[in-house]
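Asker: Just need the whole structure built from these sequences, with the hints factored in.
2 protein chains.
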Amino acid sequence: MFFFSQFNQLIIMNKNIDTKKIIISNPLKLDCGKEINNFPIAYETYGELNSEKSNAILVFHALTGDQYVSGKNPITNKDGWWSYVVGENKPIDTNKFFVICANVIGGCMGSYGPSTINESTSEQIGTDFPIITINDMVNAQYELIKYLEIEKLFAVVGGSMGGMQVLQFVANFPDIAKLAIPIACTSSHSAQNIAFNELGRQAIMADSKWENGFYSNYKLNPDKGLAVARMAAHITYLSEKGLQEKFGRKLQDRDSLRYGFEADFQIESYLRYQGSVFVDRFDANSYLYITRAMDYFDLSKQYKGNLSDAFKKTKTKFFVISFTSDWLYPTSENREIVIALNSIGADVGFVEIESDKGHDSFLLDVPSFLKTLGDYINSTYKIINERRI
Amino acid sequence: MFFFSQFNQLIIMNKNIDTKKIIISNPLKLDCGKEINNFPIAYETYGELNSEKSNAILVFHALTGDQYVSGKNPITNKDGWWSYVVGENKPIDTNKFFVICANVIGGCMGSYGPSTINESTSEQIGTDFPIITINDMVNAQYELIKYLEIEKLFAVVGGSMGGMQVLQFVANFPDIAKLAIPIACTSSHSAQNIAFNELGRQAIMADSKWENGFYSNYKLNPDKGLAVARMAAHITYLSEKGLQEKFGRKLQDRDSLRYGFEADFQIESYLRYQGSVFVDRFDANSYLYITRAMDYFDLSKQYKGNLSDAFKKTKTKFFVISFTSDWLYPTSENREIVIALNSIGADVGFVEIESDKGHDSFLLDVPSFLKTLGDYINSTYKIINERRI
Numbered sequence: 001m002f003f004f005s006q007f008n009q010l011i012i013m014n015k016n017i018d019t020k021k022i023i024i025s026n027p028l029k030l031d032c033g034k035e036i037n038n039f040p041i042a043y044e045t046y047g048e049l050n051s052e053k054s055n056a057i058l059v060f061h062a063l064t065g066d067q068y069v070s071g072k073n074p075i076t077n078k079d080g081w082w083s084y085v086v087g088e089n090k091p092i093d094t095n096k097f098f099v100i101c102a103n104v105i106g107g108c109m110g111s112y113g114p115s116t117i118n119e120s121t122s123e124q125i126g127t128d129f130p131i132i133t134i135n136d137m138v139n140a141q142y143e144l145i146k147y148l149e150i151e152k153l154f155a156v157v158g159g160s161m162g163g164m165q166v167l168q169f170v171a172n173f174p175d176i177a178k179l180a181i182p183i184a185c186t187s188s189h190s191a192q193n194i195a196f197n198e199l200g201r202q203a204i205m206a207d208s209k210w211e212n213g214f215y216s217n218y219k220l221n222p223d224k225g226l227a228v229a230r231m232a233a234h235i236t237y238l239s240e241k242g243l244q245e246k247f248g249r250k251l252q253d254r255d256s257l258r259y260g261f262e263a264d265f266q267i268e269s270y271l272r273y274q275g276s277v278f279v280d281r282f283d284a285n286s287y288l289y290i291t292r293a294m295d296y297f298d299l300s301k302q303y304k305g306n307l308s309d310a311f312k313k314t315k316t317k318f319f320v321i322s323f324t325s326d327w328l329y330p331t332s333e334n335r336e337i338v339i340a341l342n343s344i345g346a347d348v349g350f351v352e353i354e355s356d357k358g359h360d361s362f363l364l365d366v367p368s369f370l371k372t373l374g375d376y377i378n379s380t381y382k383i384i385n386e387r388r389i
Numbered sequence: 390m391f392f393f394s395q396f397n398q399l400i401i402m403n404k405n406i407d408t409k410k411i412i413i414s415n416p417l418k419l420d421c422g423k424e425i426n427n428f429p430i431a432y433e434t435y436g437e438l439n440s441e442k443s444n445a446i447l448v449f450h451a452l453t454g455d456q457y458v459s460g461k462n463p464i465t466n467k468d469g470w471w472s473y474v475v476g477e478n479k480p481i482d483t484n485k486f487f488v489i490c491a492n493v494i495g496g497c498m499g500s501y502g503p504s505t506i507n508e509s510t511s512e513q514i515g516t517d518f519p520i521i522t523i524n525d526m527v528n529a530q531y532e533l534i535k536y537l538e539i540e541k542l543f544a545v546v547g548g549s550m551g552g553m554q555v556l557q558f559v560a561n562f563p564d565i566a567k568l569a570i571p572i573a574c575t576s577s578h579s580a581q582n583i584a585f586n587e588l589g590r591q592a593i594m595a596d597s598k599w600e601n602g603f604y605s606n607y608k609l610n611p612d613k614g615l616a617v618a619r620m621a622a623h624i625t626y627l628s629e630k631g632l633q634e635k636f637g638r639k640l641q642d643r644d645s646l647r648y649g650f651e652a653d654f655q656i657e658s659y660l661r662y663q664g665s666v667f668v669d670r671f672d673a674n675s676y677l678y679i680t681r682a683m684d685y686f687d688l689s690k691q692y693k694g695n696l697s698d699a700f701k702k703t704k705t706k707f708f709v710i711s712f713t714s715d716w717l718y719p720t721s722e723n724r725e726i727v728i729a730l731n732s733i734g735a736d737v738g739f740v741e742i743e744s745d746k747g748h749d750s751f752l753l754d755v756p757s758f759l760k761t762l763g764d765y766i767n768s769t770y771k772i773i774n775e776r777r778i
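Line order of the protein sequences matches chains A and B.
Under the numbering used here, the first residue of the first sequence carries the number 1, and numbering increases by one thereafter.
Under the numbering used here, the first residue of the second sequence carries the number 390, and numbering increases by one thereafter.
Hints should not be assumed to be uniformly reliable.
[Claimed, not checked] Stretch by stretch, here's where chain B covers chain A in the computed footprint (C-beta under 8 Å, at least three residues):
no., region
1, 141–147
2, 177–184
3, 194–206
4, 250–260
By construction, these hints were calculated from the structure, which means they are not laboratory data.
On a predicted model such as this, the values are computed, not experimentally measured, just so you know.
Even glycine gets a Cβ: it sits at the ideal position worked out from N, Cα and C.
Answerer: Here it is in structure tokens:
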């Protein structure tokens with residue numbers, strides 16, 4: 001389905017993905033200095049917007065996520081990435097809430113990104129795509145909210161890079177969201193975060209089929225490099241303990257070592273599988289651009305080193321969630337957000353969920369997380385509605 | 390310099406590296422089932438063997454180490470990898486001790502490995518080289534000790550993979566070493582350890598110039614893949630805190646972001662540098678083989694799941710050293726070795742050194758480590774000598 005906003009002039013087309021889509025005609029000034037306009041934002045919605053337009057929740061996706069939060073993802077034919085959280089009778093209950101999720105700009109699921117086709121050349125934009133930031137992503141999604149004619153969001157929610165977007169959204173638009181839930185995230189990428197992302201980028205760029213980002217012109221795909229990048233990232237998504245408990249030194253479909261370079265161990269087989277399925281659904285250039293946006297993210301620096309100042313103008317209620325075994329965005333980094341909010345007397349709740357599943361906990365069936373998140377959202381919604389009455 | 394043992398028949402030649410070298414004529418049965426003979430072991434020695442032959446210390450090197458423990462490494466023209474530990478008036482004082490270090494088999498500094506030239510084809514052996522294990526490495530080095538006509542070693546010492554060799558050496562040859570010092574190591578590779586090594590191997594094999602390991606036949610070098618592998622490993626050698634303190638989000642020679650994929654951050658520049666200098670000194674196939682040996686290492690499994698049994702026959706005195714910020718081989722894994730030794734009443738000391746420098750601590754100027762190691766070695770040497778008198 002395609003929805004076009006008024007007055008747009010369609011200069012770029014995305015590959016054919018079955019999704020809702022609008023073209024943003026308002027010029028968007030990017031942090032890099034360039035300006036984009038007439039660009040597509042692909043999105044999905046779940047549930048119904050109520051007559052008061054008071055039940056909308058904007059969900060932000062993570063690095064390799066997309067707009068298919070719940071239900072079947074038409075590309076992978078698997079459940080949406082947050083099916084444990086969003087859906088009928090789920091913590092974010094689509095019987096009650098109107099959930100919106102947009103593919104970030106820089107992504108590869110229909111929003112403006114390096115795999116967008118330039119109509120004049122019929123080729124992908126590739127690395128002619130401008131560098132984008134978390135700030136740019138959020139500003140683009142604000143255009144979608146305006147297009148949907150929603151003045152107030154009940155909540156903005158997201159994990160990992162989605163959490164960074166939550167923070168940036170509230171900083172940029174302090175009057176829009178009543179509730180903000182950043183999960184398993186950070187207010188700025190650490191040296192180790194940057195290091196792992198750079199590793200992934202180098203793996204992609206090392207692939208001779210990358211062709212400086214113009215691989216589509218040559219009908220090539222740097223899939224081996226992208227798979228290595230994914231493998232590296234995957235290690236960071238799981239905890240050491242979780243890996244040891246799940247895989248340990250178990251062999252894959254065999255009783256003894258093969259004395260070769262095949263995947264003898266289950267963990268090897270698992271990583272190779274994760275790499276191979278990823279390249280079927282994700283664009284290598286998008287991986288470069290989105291990781292770059294994450295590395296550039298430093299909300300404190302945007303406010304001259306004072307993270308609290310990012311939230312000074314907002315009355316948004318915050319609920320920060322971290323996981324004990326997340327070593328990518330550990331509790332200590334989530335706590336910095338809480339401390340910044342506390343220092344200005346903001347309304348902020350904070351919980352560290354016990355889980356062995358590492359950073360991936362926010363995507364998985366972690367009952368205490370799902371219950372905590374659901375209870376908080378639903379009780380807050382009730383309180384806000386009661387106040388209004 | 391080349392030294393050949395008696396009765397050898399030289400069938401293989403290594404590239405021309407200035408090092409001491411012997412050819413092992415005794416057949417060595419490998420764990421993979423194959424047998425090798427007439428193969429070279431390259432090594433270096435430091436200090437003088439005393440008349441009683443009681444002052445010899447065998448040092449085992451780590452994954453990317455070599456025989457150049459101290460002094461200048463003729464390949465890199467930099468200091469030997471353990472110059473903080475081994476040398477005149479250093480913790481392992483070469484005025485007092487005779488230090489031996491051999492390049493492991495599988496390596497690329499003159500010992501039998503995938504870059505060894507097969508004389509009949511004049512090409513590198515490449516992936517025709519057999520899979521080797523830590524056990525094989527240690528058995529090959531035992532041949533060197535015999536060649537040097539040393540019956541008793543005062544000590545066997547090594548960090549990381551060197552520590553694994555220490556453990557395996559004592560298990561295999563319980564009567565040879567009086568003192569064993571495994572540092573920052575493990576008795577078996579964890580799932581996360583295997584995952585990082587597999588990531589490195591996949592990066593190498595993803596390089597189109599790898600050519601299934603026969604790159605030298607095509608005058609190619611999978612240097613980009615090897616650089617990515619090195620970058621991945623390097624992240625695991627440093628602690629999150631150490632990275633943050635050293636690099637944080639500091640930019641490289643600039644005041645503002647470039648909005649591109651160049652190395653804006655110092656950490657990116659550092660990793661790229663580490664990758665680029667590594668490929669000048671290390672062979673991609675050796676990286677595959679040695680990481681495989683590490684992944685296969687499981688001393689407990691060799692003894693039917695009872696690690697203590699590996700040490701039942703020895704009276705060797707042990708000193709186990711770990712580092713607080715080492716997340717590659719954390720203290721918990723080193724402690725398992727201590728527990729196994731304690732359970733059979735072995736003579737074992739254990740210290741966890743406070744350091745922010747991560748796994749790399751054993752290679753760096755960490756004064757408390759250097760003092761602890763030196764004091765232990767020297768006082769033990771004194772006690773053993775006094776006993777003999």
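Asker: Each hint should be assessed against the structure and marked as holding or not.
Answerer: Quick rundown of the hints versus the structure:
1. 141–147: Since three or more residues must qualify, the claim that chain B covers the region 141–147 of chain A is violated, with 0 doing so at under 8 Å.
2. 177–184: violated (count 0)
3. 194–206: This one holds; 10 residues, not fewer than the three required, reach chain B with a Cβ under 8 Å.
4. 250–260: holds (count 3)
Of the hints listed earlier, those the structure fails to meet are numbers 1 and 2, in rising order.
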